[in-house]
Structure formats: C-alpha cells, structure tokens
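Enquirer: Given next are the chains, with one letter for each unit.
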Amino acid sequence: MNRTLPVLLALALVLACAQLAPAQQDMKTLAPAAYGNKLTRPPAQFNHDQHNEKAKLADCVVCHHGGKDGKIDRSASTEGTPCADCHALKVQGKGTALTRAYHKQCIGCHQAKGKGPVACGQCHKR
Amino acid sequence: MNAAYEFVTGPLAWAAWGIFLLGSAWRLVSMYQLAKKKDASSLAFMDWGFSLRSIVNWLIPFNALGWRKSPAMTVATFAFHVCLLVGPIFLAAHVMLWDQFFGISYASLPDNVADVMTLVVIAACLYFAGRRLAQPEVRYITTGQDWLALVIVLAPFLTGFLAYHQVGGYELMIILHVVAGEIMLAAIPFTRLSHMVFAAFTRAYMGSEFGGVRHARDW
Amino acid sequence: MGIAERLIEDVGLRRGVSKLTPEKIERIVNAVISGETGARLKAYSETCMRCGLCAEACHFSQSHPDDPSFTPAGKVHQTMGVLLKTGGRVDADFIYGMAQLAYTECNLCRRCVHFCPIGVDTGYIMSTVRRICHKLGVTPQYIQDTAHSHSAVYNQMWVKDVEWTDSLQWQEDEAREEFPGLRIPLEKEGADIYYSVIAPEPKFRTQLIYQAAAIMHAAGVDWTMPAHPGWDNSDMCMFTGDFEMMGRLKRRHFESAQRLKVKRIVMGECGHAFRSVYDVGNRWLGWRWHPVPVMHAVEFYWELIQQGRITLAKKFPGPVTVQDPCNIVRGRGLEDKLREVTRFLVDGDIIEMHPNKEHNFCCAAGGGVINCGPPFKNQRVAGNEVKARQLAATAERGVKTVITPCHNCHGGLHDIIHHHKLGMDLKFLSDIIYECMVKPAA
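Chains as they are written, first to last, in this note's numbering: chain A, 2 to 127; chain B, -15 to 203; chain C, 50 to 491.
Calculated from the structure, these hints are not laboratory results.
Misleading hints may appear alongside valid ones.
[Said to hold, decoys possible] Residues from chain B that face chain A, not an exhaustive set, calculated with beta carbons under 8 Å: (1) A(-13); (2) Y(-11); (3) M80; (4) I158.
All figures in this text were calculated on a predicted structure; none of them were measured in a lab.
Virtual Cβ for every residue (Gly too), placed ideally from N, Cα, C.
Could you put the whole structure together from the sequences, leaning on the hints where they help?
Expert: What follows is the structure, given as structure tokens:
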C-alpha cells in the first residue's frame, strides 16, 4: 500500500488549516502561494465549482489523483489537497513540476474531451 | 476551436517540422551532390579554417566593409536575425509547449524581453519593406519572391504579438499564429529563406577561395 | 533605366545578334546553365536576398549613384536573373544588351565580395553570362579580335613567331649598348626563372621587356624566355567566355615552361594574366594548383630586394600613391609586398588611396573591358568617377606618380587621369627599378 499518501494527506490538512486557505467555492484562479508573486502570465482562470458543474465532474479523483515517482494513481484520491502541496515548483528526480502538472492535467483532459481551453491565452486571460 | 487547435498543433506541426527538417536536409544533400557533379573545381578548395574565418568575421557587426558602408542596414539586420532566432526558441510560451508535449525543459526569456524582441523583428521587417519601396537600388532588384519571404517572416511575429497581448480575437489569433509559424518553417527550404540553409556554405566557399587561393580577406 | 537605354553600337555585337533565332538562344542558354553551372549558380540565385548592399561596392554604381541598374545585383538582375526566370526565352535585342552589360559594365574585380553577407560571387555570375554570350557568338568586336588572335597564333596581338623572337633579340641588342653582357636567354633548359609576358609587350611596349632584361641582368637571375608559342600569358578568351581556348592557352603556357624544365614561372606586371594562370586556367585544365610554380612580378621583385640582389643608385622622388590591382591584391594578397617594394624604391611617402588594399576600387579597365575597345571607352571612363576622386585626393596631397603594377590598371587609370586632367604619371615597378638601380658597368 502506498505509504506516502497518508503522510501527504496529513501534511496537507495541517497546512490547509494553518494557512486558512480560501474555500474552493471562492476560487477564481489558479495562483497558489508556491509561485510567490512572480507569475510569468496572468493566473489561469479557474472557478472550481463552476468548472466541475459544467464538466459534470462528480468524482474528485479525476483531478485530485494520487501517485508517486511521476506515476499517476487514479485509485487513490487526494480530495481536498491543493495541487501545489504534492507538486513542487521544481522537482528533483521523478515527479511532475507544478506548472507541468497543471498544463498536463487541464489541457490533457480538455484535449481528451474535446472541450475546454487548450491554448495559453484561453486560461491565462489578460 | 479545440479541433482546430489540435489540428494545427498536432498533425500540421509535425508536417511543418517534417518539411522544414527533411526538406532542408534534402536540399543540402542534393545541393552537395550537384556541387560534386558540377562544381568540383570549386569544391576542391573548401577549407574548414578559412570557412570559419570568413563566417566569424562576417558575424561581427561593422567588421566587414559592407557592414560599415551601410550602418543602418547592419544594425537592422543583426537585430532582426538575433531576435528572429533567439526570440521564438527561448520564448517562455514555446518552452512551455516543449515541456508540455515532450517533457523537454530549458531556460526561457522573460516575457517583456521576448516582447521587445518581437517588436524588433516587426520593426525590422517594416524597415526592410521600406527599403524595398524607397531605396532605388533595392527597389530595382526586388522581386515577388522577396516580398513573399518578408511576409512569411513577418506573419508569425505579428500574430504572435497580438495573441500574446490578446488583442483581437485570441482564439483565432493563436491559430493564425501557429499556422503562420508553420508556414515559415515549411517555407525555409523552398523560398528565399533557404539562405538559412545555404548561407553558411556560400560564405564558407567564398572564405575558402579568398583564404586558401587568393590570400586575401573577403570581408 | 537599364541597359536597354544605354546601348552602344558595336559591330561584333550587332553581327552576333543578327544571326540569332529564339530557338538558338533558348537552346544555348539552357545548355550552358544546365551543362556548365551547378550548385554555385543555383545557391547564388536563390539566396541573394536582394538587399542592395552591393550597390556600395561597385565603381560603376558608385559613379552612377542615381542609376540602380549599375549595381552588381542590378546587373545580375538584368542578365542572369532574366535568363533563369524565362528559361532562356528572350529575344536577340535582349542578348545585345546582356552582352554589352556583361562585357563592358562589369570588370569582374570582385570588390562586391566584400559587401555581400551571403558570399554571392557576382563576378562568377557575370562570367557565366559572358560564357553564354560567347556561345551565342555575341561578343564585342575588339575583344573578339584578340580572342581570334589567341586561337590563331597563341598570343593576343597577332604577333608572328618570328616577330616574337625578333622583338626579343632587338631588345637584347639595344640593351647590350647599356649592359654589354646582357642576354635575353631564349630556350634555356633548366633555368630558374621562366619569364612570360603579355603580347602587347613585344607589340608596342617593348621597353618593358628591355627593363625586365636589365633587372634580371643586374640581379644575376638565371632566366629564360621561350622562342615558341606559350610565351604569352595573357588571356582574353577567359574574359570572352571562350573557356576551351582559355584552356588551350594555359596548357601551352605551362607546357612551354615544363618543356624548358624551369623551376618556376615569373609573370610580368599584369593582373588579368596572373588571374588566368594562377586561379582560372589551371582549374579548367583540372590542375588544383600549378604544374610549375607561378609568381607575379611584384612578388618576384620583392624577393630580389629581400635577397639584396637589387641595389639602387638613387631613390625615386615621392610622394607616390599605389594602385592595388584586383587580380594580384584581391586575387593574391600582394598588397603588403607591393608597398614594401615601393618603400624600397621611393624617397618620400606613400600617400594611400582611400579605400585601399583589398578594398581598393577597380580601374574599370580590367576584366576585358578595356579590350572591348573604343566604342565603350567613354562609358568606361564615366563609370569610374570614384577612381578619379580617389586619385584627385592623392594629387591634392602632392602625389605626381601612381605606381600601377598591372597593364589594364595602367590603361584604365591613364584614361581617367587624362579625362579629368589630373596630371599624374603612371609607373610600373619595373620602370622605377630600371630607372633607379645601379647599372652594372661593362
């Protein structure tokens, strides 16, 4: 059984409480603190609940997957854990860096479904 | 939108890169075969040292007599070529695409720097166009091919600039940008842009003749 | 604007085009382009970006600043550019203009090389245009006459074999009054130096042979001249585009030297002949280099001076200026040796022309242009206002003498100096060496 997952989950919970992270309901953009204030582009537009409603996403694990060493595990949900908690800005060894994770996750799904933004400026709106 | 975007960034991109790389390789190989068949008395004098000597000396701004005698053009063409090559290769958005598609990641330019470089390319294109119209010695020799090459190069930078700033319909602009870039790549082996493929060799040949046979500088 | 508006009547060109048909033109143009050209022409015609930087290079375009049809790229545009675009479907009138332009408005000096970032060799393209003109039989009368002379008697000036040896013996005879022991050794096997000249020397510049003999004598050189054809190193066929004849001439020249088993060939102060022997003819014959080492007079004099074999009785009064001939400077890098020899000979400054050395402006006579004769003389002189300005600038600084180690440069500069009343003298190095050297007594 994957052991890092419970540890990460616990860590995420602690961090979430400590930072008093904004509730998902209020989320309009993807701009986690990990980027600091040095964003290359305007933050990607993302309204969590609206997106899931529109995309008819009920199962959290579609995005909030588990996994390790750069391999996605769709059987382990990380529901409630912000992406940046597992995906560091820069990775050493295996694993997926945060920006790449976002791009692969979002664009990959949009491409697979044939719906949703795929080009830079569609999410990073000015 | 998605289908169009996927098409232009997928099959069309493969086609454009394929035409560019294979086309350039084919042009180089066939040109070399032709040179071996028809230009043996030139090929025999090719020399690595003198080739590089000539290339290096011409890559230094204001070093060659020709550069010194046309300073405005020298500034324009050096700025243009540097920005034309460095800008797109190290543009953050392009680096990101390499990362996204192939997991290849490398250094990128700050966006504002890339933005200025794009403007430099656009401005240089306008300057070149202005020369073609206003300078008699350039207008006299300008052909449709020259305008075509200029438009092919201008298009991806202009659309890229507009797409980046999201001026005009972004979704249309980004697709136009990708297509324009692909047209440019695919056009390299088969238009005046082929000087990208051949110039190093024509320069090298001249350098070899002047260095090895004529014992004189060719710059 | 363009060549069609400045056509000059020439018997040779006119008779040539009168025999052309569209079919013949198309056939010959394509025979040359597909048969004799290859990657070079293809790459040049494709990658020339029409940037116009070469307009600054050419003495013709610099002397006609308001007429872009005189720029190197403009000249290619009007000739080879049209042939490639039309696939040779052009009319006889076009060929007339193309021939006039290629033979009389480009000296093949290659100054444009210093201006083309891509490295297009406009001289090569214009030579190829001339090659097509030659195969079409459309060549200016005067230069074609010299080419005919080459093919009939292996020299440029219809000099008969007996006249050649007569001229040498006459010069030897004259010189022996001044240098009693002097010889012009004919047919001496195994000599160190085979001295070859251009046919105008025995024809009407015999003093150059006299002077060369005097210098060889004073320097104690083991030298010879051939008594048989091969002695003329000049080559108007190279410039008309008659490459087959060029090859025959160069073969005869080299074989003449080989027959005499000499160590090396020294050529007189001629530019085009040097280009032909050193750079062009050898390649046509399939020799990468030369079967017998080849040396230009400037380098030979430099060597004699280095070895201390020339001593001066006096120095030539300066200041002087130096004309850098394209074929031995851009074509052989002799600019420094030329100046070292000049410094050795001259008392006073060398006032440089600007630009100079490999960037020097052409004389507008070379490349066979002066050999196209009187019909084109005015255009040639008008096409070199820049040279007049260069010369005038040195004259203002007190220069009376232009050292000019090339026959064509002599001819071209002479006409310019005369036309602009610059009042300057032209000298070969051998003129000055002969004038100033210690002449061995009997």
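Enquirer: Evaluate each hint against the coordinates.
Expert: Hint by hint, here is what the structure shows:
no.	hint	verdict
1	A(-13)	7 Å, holds
2	Y(-11)	5 Å, holds
3	M80	7 Å, holds
4	I158	5 Å, holds
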